[in-house]
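2 protein chains.
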Amino acid sequence: MKKIKTALISISDKKNLRPLLNILKRNKIKIISSGGTYKEIKKLKFKCLEVSEFTNSPEILGGRVKTLHPKIHAGILNKRNNKAHLKDLNNNNFENIDLVIVNFYPFENILKNKNSHNKIIENIDVGGPTMVRSAAKNYKDVTVITSSNQYEELIEELKKNNGSTTLNFRRKLSRIAFTETAYYDSVISNYFNKITNTTLPNKKVFHANLVETPRYGENPHQKSGIYSKNTSMNIKQIHGKQLSYNNYNDIFAALTISKSLPQNIGTVIVKHANPCGVSIKKNRLESYKSALACDPVSAFGGIISCNFKITKNIAIELNKLFLEVVIGNDIDASALKILRAKKNLRLIDSSNYSFNEKLKFVSNNEEILVQSEDMDKFTIKDFKVVSKKKPNSKQMKNLIFAFNICRYVKSNAIVLASNETTVGIGSGQPSRLDSCQIAINKMKKFSNSNDEIVAASDAFFPFVDGIEKLIQSGVTAVVQPSGSIRDKEIIDFANQTDTILVFSKTRHFRH
Amino acid sequence: MKKIKTALISISDKKNLRPLLNILKRNKIKIISSGGTYKEIKKLKFKCLEVSEFTNSPEILGGRVKTLHPKIHAGILNKRNNKAHLKDLNNNNFENIDLVIVNFYPFENILKNKNSHNKIIENIDVGGPTMVRSAAKNYKDVTVITSSNQYEELIEELKKNNGSTTLNFRRKLSRIAFTETAYYDSVISNYFNKITNTTLPNKKVFHANLVETPRYGENPHQKSGIYSKNTSMNIKQIHGKQLSYNNYNDIFAALTISKSLPQNIGTVIVKHANPCGVSIKKNRLESYKSALACDPVSAFGGIISCNFKITKNIAIELNKLFLEVVIGNDIDASALKILRAKKNLRLIDSSNYSFNEKLKFVSNNEEILVQSEDMDKFTIKDFKVVSKKKPNSKQMKNLIFAFNICRYVKSNAIVLASNETTVGIGSGQPSRLDSCQIAINKMKKFSNSNDEIVAASDAFFPFVDGIEKLIQSGVTAVVQPSGSIRDKEIIDFANQTDTILVFSKTRHFRH
Numbered sequence: 001m002k003k004i005k006t007a008l009i010s011i012s013d014k015k016n017l018r019p020l021l022n023i024l025k026r027n028k029i030k031i032i033s034s035g036g037t038y039k040e041i042k043k044l045k046f047k048c049l050e051v052s053e054f055t056n057s058p059e060i061l062g063g064r065v066k067t068l069h070p071k072i073h074a075g076i077l078n079k080r081n082n083k084a085h086l087k088d089l090n091n092n093n094f095e096n097i098d099l100v101i102v103n104f105y106p107f108e109n110i111l112k113n114k115n116s117h118n119k120i121i122e123n124i125d126v127g128g129p130t131m132v133r134s135a136a137k138n139y140k141d142v143t144v145i146t147s148s149n150q151y152e153e154l155i156e157e158l159k160k161n162n163g164s165t166t167l168n169f170r171r172k173l174s175r176i177a178f179t180e181t182a183y184y185d186s187v188i189s190n191y192f193n194k195i196t197n198t199t200l201p202n203k204k205v206f207h208a209n210l211v212e213t214p215r216y217g218e219n220p221h222q223k224s225g226i227y228s229k230n231t232s233m234n235i236k237q238i239h240g241k242q243l244s245y246n247n248y249n250d251i252f253a254a255l256t257i258s259k260s261l262p263q264n265i266g267t268v269i270v271k272h273a274n275p276c277g278v279s280i281k282k283n284r285l286e287s288y289k290s291a292l293a294c295d296p297v298s299a300f301g302g303i304i305s306c307n308f309k310i311t312k313n314i315a316i317e318l319n320k321l322f323l324e325v326v327i328g329n330d331i332d333a334s335a336l337k338i339l340r341a342k343k344n345l346r347l348i349d350s351s352n353y354s355f356n357e358k359l360k361f362v363s364n365n366e367e368i369l370v371q372s373e374d375m376d377k378f379t380i381k382d383f384k385v386v387s388k389k390k391p392n393s394k395q396m397k398n399l400i401f402a403f404n405i406c407r408y409v410k411s412n413a414i415v416l417a418s419n420e421t422t423v424g425i426g427s428g429q430p431s432r433l434d435s436c437q438i439a440i441n442k443m444k445k446f447s448n449s450n451d452e453i454v455a456a457s458d459a460f461f462p463f464v465d466g467i468e469k470l471i472q473s474g475v476t477a478v479v480q481p482s483g484s485i486r487d488k489e490i491i492d493f494a495n496q497t498d499t500i501l502v503f504s505k506t507r508h509f510r511h
Numbered sequence: 001m002k003k004i005k006t007a008l009i010s011i012s013d014k015k016n017l018r019p020l021l022n023i024l025k026r027n028k029i030k031i032i033s034s035g036g037t038y039k040e041i042k043k044l045k046f047k048c049l050e051v052s053e054f055t056n057s058p059e060i061l062g063g064r065v066k067t068l069h070p071k072i073h074a075g076i077l078n079k080r081n082n083k084a085h086l087k088d089l090n091n092n093n094f095e096n097i098d099l100v101i102v103n104f105y106p107f108e109n110i111l112k113n114k115n116s117h118n119k120i121i122e123n124i125d126v127g128g129p130t131m132v133r134s135a136a137k138n139y140k141d142v143t144v145i146t147s148s149n150q151y152e153e154l155i156e157e158l159k160k161n162n163g164s165t166t167l168n169f170r171r172k173l174s175r176i177a178f179t180e181t182a183y184y185d186s187v188i189s190n191y192f193n194k195i196t197n198t199t200l201p202n203k204k205v206f207h208a209n210l211v212e213t214p215r216y217g218e219n220p221h222q223k224s225g226i227y228s229k230n231t232s233m234n235i236k237q238i239h240g241k242q243l244s245y246n247n248y249n250d251i252f253a254a255l256t257i258s259k260s261l262p263q264n265i266g267t268v269i270v271k272h273a274n275p276c277g278v279s280i281k282k283n284r285l286e287s288y289k290s291a292l293a294c295d296p297v298s299a300f301g302g303i304i305s306c307n308f309k310i311t312k313n314i315a316i317e318l319n320k321l322f323l324e325v326v327i328g329n330d331i332d333a334s335a336l337k338i339l340r341a342k343k344n345l346r347l348i349d350s351s352n353y354s355f356n357e358k359l360k361f362v363s364n365n366e367e368i369l370v371q372s373e374d375m376d377k378f379t380i381k382d383f384k385v386v387s388k389k390k391p392n393s394k395q396m397k398n399l400i401f402a403f404n405i406c407r408y409v410k411s412n413a414i415v416l417a418s419n420e421t422t423v424g425i426g427s428g429q430p431s432r433l434d435s436c437q438i439a440i441n442k443m444k445k446f447s448n449s450n451d452e453i454v455a456a457s458d459a460f461f462p463f464v465d466g467i468e469k470l471i472q473s474g475v476t477a478v479v480q481p482s483g484s485i486r487d488k489e490i491i492d493f494a495n496q497t498d499t500i501l502v503f504s505k506t507r508h509f510r511h
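From first to last, the protein sequence lines stand for chains R and X. In terms of my numbering, the first sequence is residues 1 to 511. In terms of my numbering, the second sequence is residues 1 to 511.
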């Protein structure tokens, strides 16, 4: 238990100050402050001593140096039970500071509002983090508050303990304080990385905010939190049960694909993080129905993402199916009315979702695999026709569509498509031949398309057997990256079977 | 270009100081220092002014407060081209500090060496990070060095520019400086999270060191870096080509499985991050051969992890196969000689690898999904026999083995096993029924086992059809989590077919 006699307040966010000052006054706690905080406290008619008066040292450099003073930091940092420290304090006529209330210049907001580099640099707080770090280090004796959200808790604590705080309370605040200073400098560090185009620095710090706490992780015995680089996510749940960890995983997988498709026509169905049906037919109802037709069995309990506004006619169709989540690039009122009839169905508005982060990382034990995202759009320029038979524009469109989807299917991935709709997806196999067979089986089971079928492979065929299997099943055009020592054999085989063969510039493993 | 006249040095790591001091002397740069650094500089016979002399303020609180002084921070923080700043400086009789050389108390090492909490707290540096942050903020005028590794670069810069530094150089150092302070406080923040059992704090900061730069990411057009919470990885490459991003991904997947198996008998083969063969037969050669037999086609170009020491007889067998990576819990000299014959084959010694991190995270755009790892070992207590027919101990062993492997296969996952060896693995399918079929197809293609076959499913069967398919293919015992509304039907079906059915306590989705 530590009695508080003196508080130092230096805050950028001046919200909710009055009740805090009231409790300090009631406990006869002396207040030291400076600059805008000092003015605000005086405006609220509370007593307050200016830092410069306290330290007997002027505020200089336009405020850059005011609290960086031994009297302030000795007051915070001295160990109350250490006689040598006490002697130092007395010799220098210093006194204890028991409570530090600081929040920093809002560097993150300044960044978000696209200010000039000079203004951004000016907003790097030096004095604030130093006081917070001094107080947090000396938490055995000092209480440190780093956010206006903590005032209520502090007020409760002071009431409960007659102007004192407990060690547990101070330790918790210290933990939060060091997280704040780490977070703050992580934002600065990442800003500098960005302006200097430093993608993979020798040391890297990531920061994130807890934006959602699902009931559990991938499985009920695992804890989980959804974090964001921002303070909130740019998707919005507008109806239904709480989202689970697996929902989030599938939603992000679905949105990544949706965003890669031409705007306002794409439907993506995801199950277990893999797409099981995608279509970009221009008629949106057809787009939805076609995506579903690719594998209506797997779609059961799945996640549907429409990159267009969901309207009544789509909602009526969606309602026929059991789905976990429906994502719309907006959902209109009439559609919402229909979809809301299902109490548990989670509805997500993705109209504000955009892909802003270029790096992707995944941890494994103490290691983190970091890489740039595989996001570029394909065009005809990325494809080289290597067969004698050349694709017409419709075939080329289908090949581009199929190859784009293929990059989002877990490797080894094979996608069969017809009419800019998937008709068979083979995912997650150690053998490419098996992925071919799975895609073909799906097509045989569900497709009644009489149109031409094209195929895409995320990496090269190591042998002729895979492409042979596809051609035997009716595929007339294939796109794949090159790179096998048997590329020539594969081209020959395509020519022998009058198949269109296209080599893509890029490979697209995804695990 | 900024001429350096005064340098402030405060370092915990006192390596390589002499050449640095030589160049400072040659450029007539005044040196200010304190404590151990001051003593070291004097010992090396260089001139140096003590901080307390410079500030005319004593070092107090056993060194806790020495550089937290306006004269120090105004000297660093003033904008050289700002007249008001210059006036402040002159009025207070302060002077410029143009170069700040600081490295922090080695908080991370102190942690690693399991010191007492008090000693750990004592090693939180306050003065150092403050000087670094002041200098880094004012990088337009000030040069900041945060590691002895940067001395050589600084010396070069000063030589090249006759005692000055360029803006670009200072900006780079500033970027590194803020990364250092962020990293430092992230270590402290995570330490406090750990001692207070805070798994999912509202704000979270991660820190990592670049330990490897593969040529590219999952694909050649993606950049990549392998980071670690430590300064090096606890696996060691002892031979072969540079590891690729996909190698690392597969290696970590393989080691996670290896570590879950009984020690010194397990072989795991991984391809595209999924296991395609696992065995824990007691005879190690048999363990290897059996794991391979599960899917010898997929094993081609795969990654093999033996959680035992690889000896000559195993190496001879391994050499018959084309593999990307061989991991051994040590590899003995005679085996090494054989395996090294293949120039490109990557050999990894995993004998120092251990699983220390309990949290796992994966990013998706600006969001990060965090969850605790799914790592607990299974025992018979986690299983509940729900069929009339009860498993004997051999069957139970196989069920536990199969269910453990199942958790590491991408969902939906089905694992068929016999004799504590996988004989069919179905992975990565949106439909559980399809995963059953894939596992069965593998078994039919490659297995010639006459022993009983057991099956494990990572989540419950939603319908009877999946389990029916398994039983028709010769499976006599099945383990699965419960939870379907058709659990009763599935139990009835097991009883009708005289099948052993076991419900596990936990589900094991993995995506």
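No lab work stands behind these hints: they were computed from the structure. Don't take each hint at face value.
As the list claims (entries may be wrong) - Here are the simulated DSSO-like pairs of lysine-lysine, each with C-alpha atoms no more than 27 Å apart in a straight line:
no., chain 1, residue 1, chain 2, residue 2
1, R, K223, X, K172
2, R, K281, R, K259
3, X, K360, R, K203
4, X, K488, R, K112
5, R, K114, X, K229
What the hints assert, rightly or not - Which residues of chain R face chain X? A few of them, derived with a C-beta cut under 10 Å, are:
no., residue
6, Y245
7, N246
8, F383
Bear in mind that the values here come from a model prediction, so they are computed numbers and not experimental data. Just so you know, even glycine gets a beta-carbon here, dropped at the ideal spot from N, CA and C.
Status of the hints after comparison with the structure:
1. For a cut-off of 27 Å, the pair hint linking K223(R) to K172(X) is broken: about 39 Å separates their Cα positions.
2. A threshold of 27 Å between alpha carbons decides the hint, and for K281(R) with K259(R) the separation of about 16 Å falls inside it, so the pair holds.
3. A threshold of 27 Å between alpha carbons decides the hint, and for K360(X) with K203(R) the separation of about 20 Å falls inside it, so the pair holds.
4. Distance restraint check for K488(X) and K112(R): the Cα-Cα separation of roughly 56 Å exceeds the 27 Å cut-off, and the hinted pair is therefore not satisfied.
5. The hinted pair formed by K114(R) and K229(X) fails the criterion: a straight-line CA distance of about 32 Å is larger than 27 Å.
6. Nearest Cβ of chain X to the Cβ of Y245(R): about 6 Å, under the 10 Å cut. The hint holds.
7. Because the closest C-beta pair between N246(R) and chain X is about 6 Å apart, less than 10 Å, the hint holds.
8. At a threshold of 10 Å, the smallest CB-CB gap from F383(R) to chain X is about 15 Å, leaving the interface hint violated.
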